[in-house]
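Participant: Sequence:
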Amino acid sequence: MKCEPTIATPSGRTEASPAPGALALVVLLTGAFLSPLDYFIVNLALPAIQSGLHASSAQLQLMVSLYTSAFAVLLVTGGRLGDQFGRKRMFMAGMAGFVAASLLCACAPNGTVLVAGRILQGGSAAVMVPQILATIRAVFPKAQQTKVMSLYGFVFGFASVVGQIGGGALITLRPFGLGWQSIFLINVPVGLAALFGAWRLVPENRPEHRARLDLGGLFCLLLSLALVIYPLTAGREAGWPAWTLVAFAASVPAFALFLWVEAKLRRQGADPLVDLGMFRNPVFSLGLVLAFCFYCDSAFFLTYGVYLQDGLHWSPLAAGLAIFPFGVGAIIGPLNSPRIVRHAGHHVLTIGFALLATGFAVAIGMLWHRASPSPVFYLGLLVAGIGHGLVLPSVVRVVIGEIEPARAGVASGVVTSMLQIGSAFGATAIGGVFFSAVLPGDGATGYARAFQAGMSVVVVLFAVCTLLAFALVRQHALASRHAEVA
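Quick note on numbering that gives the first Met the number 0: the sequence shown kicks off at 0 and runs consecutively.
Hints are not guaranteed to be accurate.
[Unchecked claim] Label-pair ranges, simulated between beta-carbon atoms:
| id | residue 1 | residue 2 | range |
| --- | --- | --- | --- |
| 1 | C106 | F323 | 25 to 33 angstroms |
| 2 | L214 | V112 | 40 to 48 angstroms |
| 3 | L191 | R473 | 45 to 53 angstroms |
The hints are simulated quantities; they were obtained by calculation from the structure and are not laboratory data.
Because the structure is a prediction, the values reported are computed rather than measured.
We treat Cβ as the ideally placed atom computed from N, Cα and C, and that holds for glycine.
Build the full structure now, drawing on both the sequences and the hints.
Facilitator: Here it is, written out as structure tokens:
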């Protein structure tokens, strides 16, 4: 069923158009699927990429961290580009960029070019992804949106499973004689089909109020992140030269400049990249800290595949299947989240972080006397996966729930960006602990110890988050009592 596109009027409203059909939703969800897929699928391909391109461990970390950094920083700007120029148009532009970047990655002759391709992939995803939710909310009937949003959430979980297992299968089976390149080339036909489908099926739409682009704030935020992530990744292999310390020091005034620019725009009544007024709410601020720390578990996805393939010499397919218990838990968690929320309220976050800390602690504890996973190891991953599945929807819901509806869209962009920035720092900092612990010539035992070292940092981090989540619940209860009194 083809849908006629809407036509933007001079005022910015869109004229009525027929409700989009199921095929239009498939097109939009394809975009939602590709972005997380390329995060998870690359983790399983890192050993093959390192072998094929002779890439350094720092480059492997950058392939993960810079993808998520570009996505995080450009996400809000990508949403505003859709407001300015039309969401269908920017969805197609982002998809076209994603396809082109995937081709660049597949043809990369060395690690440097592949890192550049990953940055372009992340930036293109940041242009594409915000248009998906905005279009769903704007053009689908309200009665359908609950069902559509549940499908949207399912796509993310499905992408993680397909990324791990499918990526391992592609590298192991080597279709058409291709190696790691196949994980990027698979995006090309899927992306081209989505481009054609968007052109034919997805209606154009844009809001009446079009927020202006905050290019100054965007530049300052990009600069402050780059001054931390790059030296944190490259400095270890270079022996921490003086330039890394200079970069770390320069990141502080760069971030201060970002805050000054955002505050100035807010005073002028303009549209800052981040509305700093939201941070006056302590629950919102604490929730963002939890969101940042939560996605630092990206270090698990980065190091687990390397440990299994390089340390234990498992095939990529076997390594992909080995994450299945965590994936099962990540599905069980959300399914039981509504029931837990009814009984425990915001303490679902406390429970989730406690399960994450306990599950990962059990898993790495099983490696003290053996180098390979045991049944109890996988049981620990199942428990950690349940915790992951509980925290992911809950932290977003809690943070956004603290902001008035008029600013819910901005708050959603901020918390999503914070999740991605946390993912980048997890891959960079905690991943660095893992790679630092791996010594030349290390066998299975050495890789197991390195995996333990990296994941021990994650366990401590999540134990702290359990306490912070408890404090968040108390702060929320206190704020609610004050509101009732007022």
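Participant: Of the numbered hints stated previously, which ones are contradicted by the structure, given in increasing order?
Facilitator: 2
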